[in-house]
Amino acid sequence: MAFYRSVGEIPPKRHTVFRQLDGTLYAEELMGEEGFSSDSSLLYHRGIPSAMSGARVWDLPDLTTVPNHPLRPLHLRLPALFVGRDPAEVDLVTGRILVLGNGDVRISYAVGSQASPLYRNAVGDECVYIESGSGVVETVFGALTFQDRDYVLIPRATVHRWLPDGVVKAYAIEANSHISPPKRYLSRYGQLLEHSPYCERDLHGPTEPLLVEGTDVEIYTKHRGNGPSGIVGSIVSASTHPFDVVGWDGCLYPYTFNVDDFEPITGRVHQPPPVHQVFEGYNFVVCNFVPRKVDYHPLAIPVPYYHSNVDSDEIMFYCGGDYEARKGSGIGLGSITVHPGGHSHGPQPGAAEAAIGKHYFDELAVMVDTFRPLELGPGALASDDGKYAGSWDRVLHE
Numbered sequence: 001m002a003f004y005r006s007v008g009e010i011p012p013k014r015h016t017v018f019r020q021l022d023g024t025l026y027a028e029e030l031m032g033e034e035g036f037s038s039d040s041s042l043l044y045h046r047g048i049p050s051a052m053s054g055a056r057v058w059d060l061p062d063l064t065t066v067p068n069h070p071l072r073p074l075h076l077r078l079p080a081l082f083v084g085r086d087p088a089e090v091d092l093v094t095g096r097i098l099v100l101g102n103g104d105v106r107i108s109y110a111v112g113s114q115a116s117p118l119y120r121n122a123v124g125d126e127c128v129y130i131e132s133g134s135g136v137v138e139t140v141f142g143a144l145t146f147q148d149r150d151y152v153l154i155p156r157a158t159v160h161r162w163l164p165d166g167v168v169k170a171y172a173i174e175a176n177s178h179i180s181p182p183k184r185y186l187s188r189y190g191q192l193l194e195h196s197p198y199c200e201r202d203l204h205g206p207t208e209p210l211l212v213e214g215t216d217v218e219i220y221t222k223h224r225g226n227g228p229s230g231i232v233g234s235i236v237s238a239s240t241h242p243f244d245v246v247g248w249d250g251c252l253y254p255y256t257f258n259v260d261d262f263e264p265i266t267g268r269v270h271q272p273p274p275v276h277q278v279f280e281g282y283n284f285v286v287c288n289f290v291p292r293k294v295d296y297h298p299l300a301i302p303v304p305y306y307h308s309n310v311d312s313d314e315i316m317f318y319c320g321g322d323y324e325a326r327k328g329s330g331i332g333l334g335s336i337t338v339h340p341g342g343h344s345h346g347p348q349p350g351a352a353e354a355a356i357g358k359h360y361f362d363e364l365a366v367m368v369d370t371f372r373p374l375e376l377g378p379g380a381l382a383s384d385d386g387k388y389a390g391s392w393d394r395v396l397h398e
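If you count by UniProt numbering, then the sequence shown holds residues 1 to 398, one letter each, in order.
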């Protein structure tokens, strides 16, 4: 995120002498993207950030996927994945269940209240949508508070841990790339432009250092390897606690963005999904459909028209309100619909007629569109309702 911040103590000039009270140098660490050619931040550690005393294998949760074959749209009931499980025994890192994935992005779900271990995703950025709940994410950059309907954006390789206040439902989008605002909303220098549906005031980063003492601290690390989706896990013992940063500055850091601060773009007739886009990664985009006034042409049909995803899979997570286009299909809060590329889809029969004359939609959904086909993870196989593909046909024959 190319929006400069400075937190805590830093020297007046980078890569220059900066001493601790005992006279030793602070350890300066550059966290940078694209091999020193993109956004970065400089962090100043009390200890040596690369010092480690050991490592062992972290057996990751099941990341295997199978093709959606034969091709069909799906309705996944995510809440069913955690029925009978005690949230106090689930954390938002190791407790994630993989729902969908490909070589570019993985979508997981977790419901838990346990504090997570220290965690570093060295594969890509994470965008975690908080369906409900609140708490704190402690990071090497400082602490972030989170609440209902927040996106929590965590850059690749940022050490952090989740500390829920109670039960938290989290929808995790893990990239194999970086995640950022759409390029069309940014100036060539990185500022969010006037036509963007949000601005820098809506992004909330750490405001002060988080200093924690400790030695031989375990960091659960997800990294590239030969496992499913090319991902393996290691538990690294850091010689000093990673949260020993006295200050940092730069344009790379974690932040939160609340979906209620997204300003919807509307028109006289139905607007296409790109107007709802909030973030993008390599080969996928993230959109949110928020409560809003809808189309104001006197003959407008506010619900979507039927459309074929020629180049993408469309994944919709329903997390608030009442989604007009899906009424009658069994969709509820916590549901996901999977509309794969090659399948024409749209409103349930009768929804278009029923929407004529409506001026406001009270709905909230997070959509991920991918440009390579998504495969089904253990969560999808366990939560498929088994009948969604026939929902359009079934209504026609009732």
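Incorrect hints may have been included.
[Unchecked claim] FRET-style restraints, in silico, Cβ to Cβ:
1) 14 with 387: 55 to 61 Å
2) 207 with 21: 20 to 26 Å
3) 207 with 17: 22 to 28 Å
4) 48 with 71: 28 to 34 Å
Calculated from the structure, these hints are not laboratory results.
Beta carbons: idealized from backbone N, C-alpha and C, even for Gly.
Consistency of the hints with the structure:
Roughly 59 Å separates the CB atoms of residue 14 and residue 387, a value that falls within the hinted 55 to 61 Å. The hint said 20 to 26 Å for the Cβ distance between residue 207 and residue 21, and at roughly 23 Å that hint holds. Roughly 27 Å separates the CB atoms of residue 207 and residue 17, a value that falls within the hinted 22 to 28 Å. Distance hint check: the CB atoms of residue 48 and residue 71 are about 52 Å apart, inconsistent with the given range 28 to 34 Å.
Violated hints amount to a single one, hint 4; each of the other numbered hints is respected by the structure.
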